[in-house]
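Engineer: Here the structure of chain A is known, so what remains is to put chain B in place on it, guided by the hints.
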Amino acid sequence: DSGVTQTPKHLITATGQRVTLRCSPRSGDLSVYWYQQSLDQGLQFLIQYYNGEERAKGNILERFSAQQFPDLHSELNLSSLELGDSALYFCASSVDKGGEKLFFGSGTQLSVL
Amino acid sequence: GENVEQHPSTLSVQEGDSAVIKCTYSDSASNYFPWYKQELGKGPQLIIDIRSNVGEKKDQRIAVTLNKTAKHFSLHITETQPEDSAVYFCSVSGGSYIPTFGRGTSLIVHP
Numbered sequence: 830d831s832g833v834t835q836t837p838k839h840l841i842t843a844t845g846q847r848v849t850l851r852c853s854p855r856s857g858d859l860s861v862y863w864y865q866q867s868l869d870q871g872l873q874f875l876i877q878y879y880n881g882e883e884r885a886k887g888n889i890l891e892r893f894s895a896q897q898f899p900d901l902h903s904e905l906n907l908s909s910l911e912l913g914d915s916a917l918y919f920c921a922s923s924v925d926k927g928g929e930k931l932f933f934g935s936g937t938q939l940s941v942l
Numbered sequence: 009g010e011n012v013e014q015h016p017s018t019l020s021v022q023e024g025d026s027a028v029i030k031c032t033y034s035d036s037a038s039n040y041f042p043w044y045k046q047e048l049g050k051g052p053q054l055i056i057d058i059r060s061n062v063g064e065k066k067d068q069r070i071a072v073t074l075n076k077t078a079k080h081f082s083l084h085i086t087e088t089q090p091e092d093s094a095v096y097f098c099s100v101s102g103g104s105y106i107p108t109f110g111r112g113t114s115l116i117v118h119p
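Taken in order, these protein sequences are the chains called A and B. When you line the first sequence up against this note's numbering, it's residues 830 to 942, in that order. When you line the second sequence up against this note's numbering, it's residues 9 to 119, in that order.
Hint data in this document are derived by calculation from the structure and do not stem from the laboratory. There could be a bad hint or two in this list.
[Said to hold, decoys possible] Here are the simulated DSSO-like cross-link-like pairs (lysine-lysine), alpha carbons at most 30 Å apart as the crow flies: (1) K66/B x K930/A; (2) K65/B x K76/B; (3) K926/A x K66/B.
Isolated chain B (complex conformation):
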């Protein structure tokens, strides 16, 4: 089955800095790569996604880049704010259509 590795497990930044979270995957048939944000006491929420025919996608302060050849994709958050503090999960689906999740990154933004 699909294997998704996510790094780092914890990321601490100062408000206003950028944050980057990376994921690698194993199944070359995978073609859909979303990112989810989980706040305390809530379920994961989709914040951005990208398909395999696109290299980069932006939505205001967040962006996702995909390198299909190397089988890795990254989440970029610019001008971080305290409300960005949460656990972020990458996910991969495609071949089996079953979303597989990374283990999560706890992002802490210090005011």
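Just chain A, with the same shape it has in the complex:
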């Protein structure tokens, strides 16, 4: 058990809908990273938060947004969903913002039908 909790584990929804993915980092970790994993693209970095502030953005679509709350949990919001958004979404946490020693959750499998 990595100590990182992601909910829900599975999400099935329709095109055009909006969903929220939730992540609770390991106790004491200040950084949260969101990654998208698909078969043909590997692990793609979406966004990082550190202690409540957005620190870095990757190839995150404008339809996607995220935030980190004062209790350090994070949410990834995906809107106007398309078939191509179907993927496994991982949250990872680390102690600091240096990108070292990431602990991953078990992921949320999103299926857009």
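Structural biologist: Structure of chain B alone, referenced to chain A:
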């Protein structure tokens, strides 16, 4: 941004054999090189890491070697066992501090 190439994409070995997975990177400012193991239905898990001031690091049956000049690093697994079967990802971070991952290697260890 950083570009990480990982090879091979699939590796099939017999139990007891060694397995080697290689990664190359582009950003000379990168200074942290971890390897993650992802088992079916789980998230990636850190198994070993190395920093740029070290050439090799070992932990029981796994080892990582780094050649900073050539910008490549490798994961070595000796005496492979069926439970080593998983997808392995290399990762690079440093200049931007954002971990960039290779595309993964599916390792299959046949009993």
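Engineer: Check each numbered hint against the structure and report the violated ones by number, ascending.
Structural biologist: none
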